[in-house]
Amino acid sequence: MGKRFSYGGDAAGAPRKRAKVVHEAPTSEEVHASRQLRQLLIFDQDPARSRHGLQSFKLFLDELLSADGGIKSERARILRDYLDAEKPAEDDESPVYLPDIMQTWSHAGQTNNDNIMSAVPVVLVLLLRLLSQSLDTVPYGLGICRTLLQKRQQELISRNLAADKGKSFIISPTLRLLREAVSFDGGAIARPLFRARATMLKSLARNMGIVHMGEDKEDTKRPSARTNAIQFFLSAIKYLHPEAKKELLSQRDIVSALTRDVKQDPPYLLKELLTGLKTHIIMDDKVPREAKSNLLNTSTLVRLSALYQYRLDSPAEDEPSIADLAHELLLTVCTNPACGVLRQDSGFYPRELDPNTTIPTAELDDLGLEAVVWMNKFKNDVPVRNFTLSNFLPNLRPWSSVKQSELITSIFRVAPELVANYFLSNKSFTFEPKLSATWIGYAAFLFNTVILPIPENLCRGPSVPELPPPTSIVLDNILPLPLNQKALVRCLEHKSNMIKFFATRIMVVAIEKLDAVIRIYQGTSRSNQTIWNEAARRLVDEFCQRSPGIRNMINACQKIPTQDLLHREAASRLLRLCYEVLPQATLSAKLDVSIHLDAALGRISNQELDDPRDFALGLKELESLLAIAGYSPGMRWFGASKGTTLSPFTQLLKVCAEAPKGVSLKTIQQVLNFVAAEQQLVPGHAGHPRLLPLVEALQTLHQSSPKYASQVWPFLDTCFTHCASKSVKYVEMLQEIAQETAESTGQNIDEALVSPIILAIRDQLPHASKNGGEEVLKGLGRLLPTLLGLSVTVGESRAILSSIFSKMVSDLPDPKGKLVKAGVPEGLQFQHNSWSPTKTKASRPEKNAANSHDAVTSETAIDRETLEGMLHIPDSLEAENSALMKWANKTADELVDEGYATSLIALLASEHASIRKEALVSILKVADKIKPSEYEEKEQVWLLLSELAETAKGNIDDGPLPSTIVAFASHALHIVRDPLHGLYPKVNIFLTRGPYWSLDKLPLVDEILTEEPNVGDAFYTQISWLLTYLIDGLRTAQDLELYHKKRAKGPILERILALAVNPYMRLPLRTQVLRLLYRASGIEGGSTTLTTRFSVMNWLEERRSACADPSEAAVYESLRKRIWETCDQQRVVEWSKEGLP
Amino acid sequence: MSSPEPQQQQQKSQKQVDAEFTSYYLQRATQEFGEALDAVRSADDFKPESSIAVLISALQQGTEMFSEEDKRAVVCSEGAEKSSK
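Just so you know, the protein sequences line up as chains A and B, in that order. Here the first sequence is numbered in our numbering, starting from 1 and rising by one per residue. Here the second sequence is numbered in our numbering, starting from 1 and rising by one per residue.
Please keep in mind that the hints were generated in silico from the structure rather than gathered at the bench. It is possible that some hints are incorrect.
[Stated by the list, open to error] Listed below are the simulated SDA-like cross-link pairs for lysine to any residue, each with C-alpha atoms no more than 25 Å apart in a straight line: (1) A:495 with B:37; (2) A:495 with B:56; (3) A:559 with B:63; (4) A:1045 with A:873; (5) A:495 with B:63.
[What the hints assert, rightly or not] Partial selection, computed: residues in chain A whose CB lies under 10 Å from chain B: (6) 440; (7) 441; (8) 573; (9) 620.
[Stated by the list, open to error] Distance windows between CB atoms, simulated: (10) A:192 with B:56: 53 to 63 Å; (11) A:813 with B:15: 50 to 60 Å; (12) A:706 with B:39: 16 to 26 Å.
Ideal Cβ positions, reconstructed from N, Cα and C, are used throughout, including at glycine.
Next up, chain A with everything else stripped away, as it sits in the complex (with noise of 0.2 Å):
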């Protein structure tokens, strides 16, 4: 089809066009007098002239305006006049102001004058601002307006409202006339002018999208229709009543507009309508909440979160931009419930769910937390209370901005139900590790969302409720979704150090927040308790599945720079952590701690840390290692590594003494006094300061003579070193002193009291000069007499101190003898650290000893419960039938790593028959799905299998496997599967030792009790491993008896218990097998062979007698008590001859 063509403008067939409006400019003159503007105001029909008496007055009103005195000027004389002449006869009733210009009105109406119908308005709202400055020509004013609100004026402001879209010029002064009669005197007429609403608020969404066209910015003189449509309603609403401003709220229209285009609107603007809303709604308590949810609706929160990018303001320094006047209301809007957006949630409870549902205990029992049913249910959704807030969030950006990151978290803070919820919903956004800024904010987000509190009783209720929340919702909350364990190790293996520390911190403080959710879980004794156990438990689990493994943080932290202390301190208080949070998943990988405490006791006692923060920055690094080095049972504190002259304990006294002033070091001496208690190189009793004397008298010497100071080290390194491996020989040397010093002194001296550490020194003195010649002498001659008079000071024996003393000095270079005449110094004080010496008295440490620690029992008293959350360990044999089914399924790696396989391991020793073999087939079922799989641990797994099976053959008909075997097993295949384990050839040669296992034995026993550990220090973690499957192998009578069987090398539980008298043996060990003790007082006759066979009782109170922890005294004092409970009492007293309880 060929194209038309036009052949004229007048062809009848041409495209219509809009005829282009041509406003010509009116005439006008000067105002003289109040006849002339009459003269000039008179209705005429010409329009012309009408134009020209409305552009003369138009004039006269901006000259008056712009005047001095206003209305009350001379010249406005001229104004009054005419309006005294024009006002309606007083007994009218419904007056007509300004007729003739009301007639103009209305003619240009009927003759479509645009011109005319623009110019009215305009001089009426000149006219209304000219009277409002002056009380007595206010009720003029009102008059007018209310000439406005009469039916004929109505219809003319309705038709102008609504002229089309292009007319701008007669809405905008018609707006502008509105605004000026709702605000006039104080909104004296907003109440009428809100009844007609029909006419008054007519198209007054449509105006509002009359936005300001083109490139440049709107002209603040010449505002566009929107801007002069929100004037407008911000003025109606300031002055409008209550229920009016509901009725204009609920006009989703208007509400949709008034934020529609607020993008580009300019900032005064803007400005009076964040004000504008904030003050006459949003924190206007008047208005319900219902108006203020009609307001602030989702769009309208994405609108003005739009203006976090609006650029069009340029504030100046003190003043604050358009995008934090936005930030501010939303943070209102959305964090204060009042203004009818924010909701009342449940926490880590979603909507719809009730968290006190009562479940039958037998139900409970049976299924455990799975009698829950909706423990599970929210993984993919959570249903929340906050919708408007739930699809608004996802609009924001907070990896890009710092507010937007902040109004997420502050929300997330009042309704932690969106935690959960906004992490589902935006699973696009992955934590993949980029050196970007992007990235780096959205870690800061993360970061900043993990921190966040837990919420009070964890459903913002009065307390906690019966059942645990989901433990996936508790889990997204403390890991969000985005740090799963893929992104997170990726970020641990980066190769930026930044993105490895942001990980770090962030792994950090979900630590600290899944540890006091446990809290929380493990709280006040409940009914229920087991069922929140359980829960902990699981928490722990998932939490351990979605974080990076203990070996990605170990690899990480060793790959730190020296110098980058924030990093290293970061990344040592993680795994700090770890060990005292998850200590089980810290058992998978060793870390040699002593590397770490060695590099960085060497950084800080070379002070090669310049600035003091580095340096007590340095120390909290080091407080964690030696955290750690607690949990690590291989801890080698005396003896020097590769590289190093000082061991670990003395260097980290140096630290002590080198400290500068201020720095805190109270973590570092706990330490020290605690090592130094435990190697008996000072007493242990309840009175004695410890190292307090040694330290004070470093200090000293540092302060008094750094030159010799740094030379004692190496000698005295020695001192502690000999002190720790032979305190016998020190304990023996100090009997011998004492009474010699009884002998010589006539003094009755036993229950004399001196450190271990000073007989070590004087032992060692006669060397001393090996260790680096006359200047240690020197150094020593200085220390000596100040750490034996502080000694005194905090009351060791006075005449043993003398009397050591008189032999070290022979050994000093005193050639003028002041050494010798001054003696051990008396009354020496404590100058940098605080020692009261009314606060103990040390001299009877015996009976203070024994005082105390009664003190601290009946104090610290346990009562059954609490020894039942501390040594019961749930029965991991019980039987799970449904495991029967479970594996089908599952492919080799799903059937070795998830537990299928140990679930039915753990059938084999279950009381039915029937089951026990089908159990069996399963098992060998197992094995033979697992030979030709790709499993790389196969063949050790199929061998484990396969042998477990040769030996349950012809062994369970009549009875269930022993629990031991059944126990081995289980916790066997945890290691075959991980060859990096420390048992791993332990386990693999004894499978290789026979095709079946003797089921009178408990395998593996005697290689770990007393073959050398494979692996280094690994001794530890292999008693850990056995204790472990000890525990979990004792659940019956029969069990009980190949525990107490005699063997060659004595009977298991004889062997434990001489194990646990181990000082090595650090605390989580010793409850373990305390633990071991509780689960074999719980077997019937467990209690009484306990006493009878193994004089447990005696154990016990040995035990507690030589623990300096009272907390710890008080377990073995509460695990006697139950054994007195549950034993046959008769029989043990007879048995006791009558010594017992």
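Dock chain B against the given chain A, drawing on the hints supplied.
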């Protein structure tokens, strides 16, 4: 057994301590991660008007991990004494 606290330490208000610790933390962080920060500054998504604030806020949020006591210990320690190695 703790060292007697110097008077200066007592005098500083918590606000001062917070401010000084934050400034120290930022200074250390920029020192430790200077190279990475330069790389971020030349990344495609870096916008001077907003990204700088994001970076600073991200770095300094680590101060939240320190207790008030720890912060005080760091900023109130007196001059480190040098001793011969």
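> Can you list which hints this structure breaks, lowest number first?
Replying inline: Checked against the structure, the only hint that fails is number 12, while the rest are satisfied.
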